[in-house]
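Chains as they are written, first to last, in our numbering: chain C, 1 to 724; chain B, 1 to 724.
Do not take every clue at face value.
All copies of an identical chain are treated as equivalent in the list; a pair is satisfied when it fits inside any one copy or across any two copies.
Stated by the list, open to error - Here are the computed lysine-lysine pairs in the DSS-like style, where the Cα-Cα straight-line distance is at most 25 Å:
hint : residue 1 : residue 2
1    : K169      : K664
2    : K63       : K133
3    : K232      : K245
4    : K536      : K547
5    : K231      : K142
6    : K169      : K336
7    : K235      : K298
8    : K312      : K665
9    : K359      : K169
10   : K665      : K442
11   : K336      : K185
12   : K166      : K291
13   : K359      : K166
14   : K665      : K336
Don't read these hints as lab results, they were simulated from the structure.
Number of protein chains: 2
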Amino acid sequence: MDFSSFVTSLGTSLVIFALLMLAFTWLQRKPGNAVIYYPGRILRGLDPLEGRKRTRNPLAWIKEAVGASEAAVVAAAGVDAAAYLVFLSSVLAILVFSGIILLPVLLPVAATDNGAQSTTGSNSSGTFKNLDKLAMGNVQEKSPRLWAFLLGVYWVSFVTYYVLWKAYKHVLNMRAGAKSSPEVKPEEFTVLVRDIPAAPPGQSMKDHVDSFFQALHPETFYRSMIVTDNKKANKIWEELEGYRKKLARTEVVYAESKTTSKPEGERPTNRIGFLGLVGEKVDTINHCNEKINELLPKLEAEQEITVREKQKAAALVFFNSKPAAISAAQTIHSQKIDTWTVMEAPEPRQVLWTNLPRKFYERQIRSFVVYGIVFLTVFFYMIPITFVSAFTTLKNLKKYLPFLKKIVAQPEIKTVLEAFLPQIALLVFMALLPTLLVFLSKEEGIPSESHAVRAASGKYFYFVVFNVFLGVTIGGALFDSLKTIINHPKQVITLLGSSLPKSATFFLTFVALKFFVGYGLELSRLVPLIIFHLKKRFLCKTEAEVKEAWAPGDFGYATRVPNDMLIITIVLCYSVIAPIIIPFGVVYFGLGWLVARNQALKVYVPNYESNGRMWPHLHARIIASLILYQITMFGYIGILRKFYYAPFLIPVIVSSFVFAYVCKKHFYLAFLNTPLEVACRGTKEIPNMESIYTAYIPPCLGTERLEDDDQFEDARSFSLKTAP
Amino acid sequence: MDFSSFVTSLGTSLVIFALLMLAFTWLQRKPGNAVIYYPGRILRGLDPLEGRKRTRNPLAWIKEAVGASEAAVVAAAGVDAAAYLVFLSSVLAILVFSGIILLPVLLPVAATDNGAQSTTGSNSSGTFKNLDKLAMGNVQEKSPRLWAFLLGVYWVSFVTYYVLWKAYKHVLNMRAGAKSSPEVKPEEFTVLVRDIPAAPPGQSMKDHVDSFFQALHPETFYRSMIVTDNKKANKIWEELEGYRKKLARTEVVYAESKTTSKPEGERPTNRIGFLGLVGEKVDTINHCNEKINELLPKLEAEQEITVREKQKAAALVFFNSKPAAISAAQTIHSQKIDTWTVMEAPEPRQVLWTNLPRKFYERQIRSFVVYGIVFLTVFFYMIPITFVSAFTTLKNLKKYLPFLKKIVAQPEIKTVLEAFLPQIALLVFMALLPTLLVFLSKEEGIPSESHAVRAASGKYFYFVVFNVFLGVTIGGALFDSLKTIINHPKQVITLLGSSLPKSATFFLTFVALKFFVGYGLELSRLVPLIIFHLKKRFLCKTEAEVKEAWAPGDFGYATRVPNDMLIITIVLCYSVIAPIIIPFGVVYFGLGWLVARNQALKVYVPNYESNGRMWPHLHARIIASLILYQITMFGYIGILRKFYYAPFLIPVIVSSFVFAYVCKKHFYLAFLNTPLEVACRGTKEIPNMESIYTAYIPPCLGTERLEDDDQFEDARSFSLKTAP
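Just chain C, same shape as in the assembly (with noise of 0.2 Å):
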C-alpha cells in the first residue's frame, strides 16, 4: 500500500465520519426518532427531550457523556456497562502514558539513523518514505539506539501492570458495590444445585431436595424449586402468546376499518393452511379466541404434568438470608463431590434453564468437544482470511486474475480497491462468527446468559488473535515462507518479526476505518432508526409492536470486547515498532468510550446483570496481549534487528506472568464468590421470600397457574406455599 491510497483511506473514513456525525445532530432533533437515541431514557420513565433541549450545541452529548458520574452510568445501564466502560478507559490510559513517553523519544531517535533502505516493504512510493522513516524500521541493525525501543517496551508493560492493577481494583470495589446494594435481589437469596442424584424409590425429587437441604441448613432454608423440562409447556405458551398477539393486532386492524367508510368496519379474515396461503378462510378475530380458549386448559394440563412428572436432577433453593446463601453457595454439600454441586444463582432473566440439569461429566465432555470444534475452526479460517492477505497488493491481485486487469487499471477504483478492498473483507468474515460462538457456548452446558456470552467473546478473541492478527501479519509474507514454518516451526517469532513492519499500513489503516466508520454508525444508529421507521410503517399495529421495533437491546459485548481487544493488541504490538500508530489507538479507545458512554446513557438497556463478572476475563485478555506483543518485540528486536541484549527483555515477559498470577490471587476468587464480607453489608431484614420464589418461575409456566391449587403440593415444585 503506497502512502496516496493510506491517504484516500483515511480521508474517505474521515468523509464518512462527518457525514455520519451530521445526520446524528440532524435526525436525533426529531421528535419521531427519540425511540431510537433515547430508547434507555424512555424506558427508565426519564424525558427523553430534557437532553434533546441542549442540542442547539451539536456536541452536547459529549458534555453529557463526559459529565455523567459513574453512578449515573450504573443506573442508566448496571455495573457490566460501567465495567466495560473502566476497560476502554483502562485501555486509553495505557496508550496515552505509553505515547506520552515513546512518542517524543522514539520517534527522534528514529528519524534521525538510517538503517531503512535494507528491511522496508518494496512498493513504497517516495512521499511514504517520510511515515518509514519515523518507524524502527529505520534504526540500523546493532545500533546502540534499539536500547530506547527495548527500554520502550519496559515502559509500556509497566504502565500496563500499574493501570490494570488500578482497574481490577476499581472494578471489584464496584461489584463488591453493587452486590451489598440494600435493593432485594432474587438471586443473592439463592443458590443453584446441579447434579442431583437421583431420588430414593417413593420419594419426588422435591421432596428429595427438600430433606437434604432441611437437614443441612435447618435454619436458613426457605424453600426448593425443581428444575423442570419446559419444552412441551413452552411450546404451548408461545403458540398462545401468538395467538394472544395476533388478536390484538387484528383488533387494531377491525377497530381503523371501522373508523372510515364503513361504521361496522370488515372484519379481518385469514387463511388456516401453510403460511396464510392456503386452506379455509376463517374470522380472524373468531379463530384466534377459539385458539386461546382451546389451549389455554391444554396448557394448565401440561403444567401440572411437568411439574409433577418432569421434575429434573437441577434444583434452585431459596435460604432466607443473603449470607446463608452466599456461604451454603461456596461450601461442598456432598461427600461425592460430583453430585449436589452448588453454585450461586445467576438471575431469573439470564439462567439458560435447558443447560440445568445437564451432569457433571456431560458438561465435561461437551465442552472438550466444543473446544475441539473451535480450534479445528480458528485453523480451517485461517485459510480464507490468508488468501484475503495474499491478494491485498493489486499486483497480486493482477498477476493471479488477468481478467481483472482493465477495470484495476482506472486509478480511482484501483485506489479505493487498496484501501478498503482487505480491510472489507476482514469484517465480513469476523461478523459472521459471534452467533455461531454464542451457540457452541451455550452447548457446553453453561447455566448463565453472561457467562456463555463471556465463554463466546474468549473464543472469539482467539480468532481474532490468531487469524486476524497473526494471519494477517504472517500471512503477508506466507506465500514465500509456508515451507519454513512447516520446516521450522521455531521459526514463527522471527517471522512475526520480520512481518510485522510490513503490515503496519495495513493495520494503520484498520484502525482508522474501525473507529470513524464504525463509531459514526453506532453513534448516529442508522441501521436501527431505518429498520424501526420501515417495520413502524408496514408492519407495526398495536403499541407492544411498535415498542418492540424500537426495543435497543444490549451492548452485546460478545462482538465488541474481541474487536476491541484486536485493536489493543495491534497497538501494543506496533507501540515500539510504529510509534505513530499509537494515537490512532488513544483516538479509537477515546471515541470509543465517548459513544459507548452515549449509548449506555441513552440507548442500551441491559438484558442482565453480572456486576461486573466479566472484568477478568477483560483483564486476562489484556495481558495475553501484552506478553503477545512482548514475545513479538523480542524475536523483532533480537532476530531481525540483531541486537545482542535482546535477551534483557525476558525479565519483562517472565515479570507479565508474575503479574497476571499475583492478580489471580489477589483479585480473582473474589469475583468467582462473593466474599461473606460483602453479603453481610446489605440490610440484615428477611425480606418478601415469596417475590424472590415466584422471580423463577419460567413464563411458560407461572402465569396461567391456578395459585392456590393446593392438590398436588407434596409432587410439585412451583406450588406456592407459604414459608415453613
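Based on these hints, arrange chain B on the given structure of chain C.
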C-alpha cells in the same frame, strides 16, 4: 551381576530374615520386652500379655494381623495408618491381579522364542541365561509375539485403574466416617485464619478479629485465639521443664543412695559451669529448686507480655457447631482474598505455630524457593548415585581402584561385595534425605505437621524416581552415553528403554534385600530394643525417663511412603519386561502389609491424625508411576524391539491422564474440604466449648497461668472468659 551372586544375595537375605524372625519370636516372649513389642497396647491401657499367651505358635502374630478388622486398626493407630494399609493392600491387589495373567501368559511366550543373543547383558554366565530367557529381551525384534506384551501393559493399566478407584472410594468413606464420629474433636469446631490485616489504630488484634467474625457469624461465633510469638516464653518453659526433670531424676538418685549403707544418703552434687565439668559445685536438688522458683515468675511475666504484646496476624476462631465451622472454612470472608484467608484448623498437637503468621505472598515465595532448592538437590544428588552404579560391576572397581584387586580377588568377598555393595550405597543415600526434606517443607510456611510430612514425602518421591530409578537405570549406560543425552535430549526415552533390561537383576536383588532385611528389622525391632535396654541400664532413673526410652513413635510416612513408591515404580516398569519380578513385588507388599498391620495394632502410636488426608497424595503418585511405566514401555517396545504397533500404547497413556483427571474431579475436593453432609452427621448438641478452646493453648502459655486473672481481659487472647 551373574547368577551365582544373585542367588547368594537372595540366600543371604533369606538367612538374615530367618535369623531376625527367630530373634523376634524369642525376644517378644520376654516380659521385659513388652514395652518394645507392645508399646501401642500399653499406651492404650490394654494388656500386652493378651497377645503373648498364644505365642507358643511363632506365627500367631500373622493370625492376629490378618484377623484384625479395619475398625480395630483405626481404633489402634488411627485413620492415617488404616489408609496406609489400604495403600499397601491396593498395590498388592494390583500386582496379584497383574501377575495372574502376566506370569502364565508372558513367561511361555518369552521362553519359547529366541532373540536374546542380540540384546542381553555382557557378562551373564551360562546358567543365568535361564532367567533371561523368561524376559522380553528373549523375544525377537518385530515379532508378533510382542502383541502379548503390549496387551500386558493394557492389562496392568486397567487393573490399576480398577483397584485405585475402589480404594479411593473406600478411603473417602473411612475419612467421612472418622469426621462424622460423635466424638468431639477440637479441630472440627475451629477455623484457622491467616493473613489478618493490621488492626485499626487503638484496637488490639484480638478485638479486631472478634469484631470481624462477630459481624459475619453473629449466631455461631464462639471466640477467637490470636497466635502469639511464643519463642521467648517457650525457651523459659523448656528450661523450667529441664530443671523439673533433673530434680525428679536427682531425687531418685538420692533416694537410691539412702537405702544402701548410709541411711541419710548422699546428696548429689554437680558443677554449674560448661557441660557440668567446670565451675562451682552445688547441691543439685537445692540448685534445681532455686532455679525453678526463679523461673516460675519469669515465665508468668513473659506469658503476660506474650499474650498482650506479641500478637501476630493469625488466629484460631472457634464456632459453636461443626457445620458452622466447616462452612466458614470454605467461604471467602474478605473482599481482598489474600487477607482473612480461612481454612479448617489442624489438630492442636500438629499445629506448626511459627508458620501460622507467615503472610500469603511470603508463603508463595518460600514455596518457590524451596522447590528451587529441591530441584537443585535432585540434580546434584544424581552425580554420586551415578558413580555408585558405574562401580556396580567389580570389573570397574578393579579397573579404577587397582589397589583393591587383592581383596576383591577372594571369591567370598567378591560375591558378597557384588551382591550388596550397590544396594547398601543406595539405602544409605536415601536415608540421609528425609530430615532435610521435612525441614525444607516446614520452611514453606505449611500450617500442620501432617501437611509438612506429605510435602516432604512428595519431594522424596522426586528423588527416588529421578535418582534411584532413572539414575541407576540410565546410569548403568551413562559412561557410554552421556554425550548422547546431552546432544539429543529426546533420546532419553530410547535410552531408558534400552537400559531397563540390563538393570533387571539389580532391582530384583534390591527388592529382595528391602523386604527380607528391611521387614525383618522392622518386625524384630532389634535397634529400638538394644537402644532401650542400653538407656534403661545406664541413663534412665525416673519412670518418665523409662517411658520416654521406649516411646514407640509413629510410622514415619515421610520415608516409608516414597520407599514403597520406589518399589512400585520398579515392579510396574519391569512387570512386562521381566514378569518374574512380580512375585518379588507381591512378597514385598504382602509382607509389608502384614508387618505394618502388626506394628499398627501393637507398636506405633500416631503423632497426629489427619484422617487419611495423605490418600490423594498416594493415589497421584501411583498413577505417576503407572504413566512412567507406560511411557517406558512405549519406548522399549517401539524403539528397542522395533514393533510397528507400539503406537497402540498411546491410548493407554492418554487414558491414564483422563483417569487421574476424573479421580481428581470426583474425589479430591472432599479431601481438601469437609463436605457439609459429613459434618452434619455427628451429634447436634453444643459440646463443652471451654475444653475445645483450652486444647489449643500451647503448653508454654497454658499450664502455669493463673486461670482467673481478669485484669488484661481486653488485651489478652488466651484469657479464659466464659462463652458470650
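- Query: Is it within, between, both, or neither for K359 and K166, if the alpha carbons may be no more than 25 Å apart?
  - Reply: Between copies only: 22 Å across chains, 39 Å inside a chain, cut-off 25 Å.
- Query: What label fits K231 with K142 when the C-alpha limit is 25 Å: within, between, both, or neither?
  - Reply: neither (68 Å within a copy, 58 Å between copies)
- Query: From the Cα coordinates, with 25 Å as the cut-off, is the pair K166 and K291 best called within, between, both, or neither?
  - Reply: Neither: 59 Å inside a copy, 59 Å across copies.
- Message: At most 25 Å between CA atoms: does that hold for K665 and K336 within a copy, between copies, both, or neither?
- Response: The answer is between: 10 Å across copies meets 25 Å, while 27 Å in one copy does not.
- Task: First find the shortest C-alpha distance between K235 and K298 inside one copy, then the shortest across copies, and answer within, between, both or neither for a cut-off of 25 Å.
- Result: within (11 Å within a copy, 83 Å between copies)
- Item | Alpha-carbon proximity between K665 and K442, which holds within one copy, between copies, both or neither at 25 Å | between (28 Å within a copy, 22 Å between copies)
- Query: Can you tell me if K536 and K547 fall within 25 Å by alpha carbon in one copy, between copies, both or neither?
  - Reply: This pair counts as within: shortest intra-copy Cα distance 10 Å, inter-copy 97 Å.
- Query: At most 25 Å between C-alpha atoms: does K169 with K336 qualify within a copy, between copies, both, or neither?
  - Reply: Classified as between; 9 Å across copies, 36 Å inside a copy.
- K359 and K169: within-copy, between-copy, both or neither at 25 Å Cα: For K359 and K169, only the inter-copy Cα distance (20 Å) is at most 25 Å; the intra-copy one is 35 Å.
- Task: Classify it for me, K232 with K245: is the Cα-Cα distance of at most 25 Å met within a copy, between copies, both or neither?
- Result: Classified as within; 20 Å inside a copy, 82 Å across copies.
- Query: At most 25 Å between C-alpha atoms: does K63 with K133 qualify within a copy, between copies, both, or neither?
  - Reply: neither (38 Å within a copy, 91 Å between copies)
- Message: My question is about K169 and K664: at a cut-off of 25 Å on alpha-carbon distance, are they close within one copy, between copies, both, or neither?
- Response: within (12 Å within a copy, 33 Å between copies)
Checked against the numbered hints above, the structure breaks hints 2, 5, 12 and satisfies the rest.
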